Amino acid sequence: MEGEQQQQQQLSKSRVVKVESEERWELFMTQASNQGCPVLVHFGASWCVPSRAMNPSFEELAQAYRDISFLLVDVDELKGVASKLEVKAMPTFVLMKDGQVLNKIVGANPEEIKKMIDAYVQSSGSSSVV
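In numbering that gives the first Met the number 0, the protein residues as written are 0 to 129.
Keep in mind the hints are simulated off the structure, nothing from the lab. Warning: the hint list may mix true and false statements.
Stated by the list, open to error - So the derived label-pair ranges between C-beta atoms look like this:
#, residue 1, residue 2, range
1, 121, 97, 16 to 26 Å
2, 75, 124, 14 to 24 Å
3, 114, 55, 10 to 20 Å
4, 21, 121, 14 to 24 Å
5, 45, 124, 35 to 45 Å
6, 124, 76, 34 to 44 Å
To be verified - Once the Cα atoms are required to be at most 35 Å apart in a straight line, the calculated DSBU-like pairs of lysine-lysine come out as:
#, residue 1, residue 2
7, 114, 78
8, 96, 113
9, 114, 103
10, 17, 103
11, 103, 12
12, 12, 114
13, 17, 87
Since this is a predicted model, take the numbers as computed values, not measurements. Just so it is clear, CB atoms sit at the ideal spot from N, CA and C, and this is done for glycine as well.
Put together the whole structure using the sequences plus the hints.
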């Protein structure tokens, strides 16, 4: 119980936003497109140990890359979104901009995810890495 409470406190300070519904997904995607903001989405599941293990690394990336929105999607809660983006394994990390998939990584590999973000940042010329 205490560990769960700590996790809730961490989530409240988090830059990672858990998407709770397909309506919220559409809202986040629309806002990001309107702002020209790239989005990195972590598709996982509460029962998937590798997905849960990636949460701290994903949060660190969110703290470091302030110009990117970081979303967390539970595939069991948003099956339609996961299906539309062809997520077939967890965890899957999808980098998007203007509603389009730019890149996708399947598996719990924080170094590859960081490389994907760095490649995007270099190619787009944007960025504030903290």
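Requested in this report: List, from low to high, the hint numbers that the structure doesn't satisfy.
Outcome: Hints 2, 4 are the ones this structure does not satisfy, whereas the remaining hints hold.
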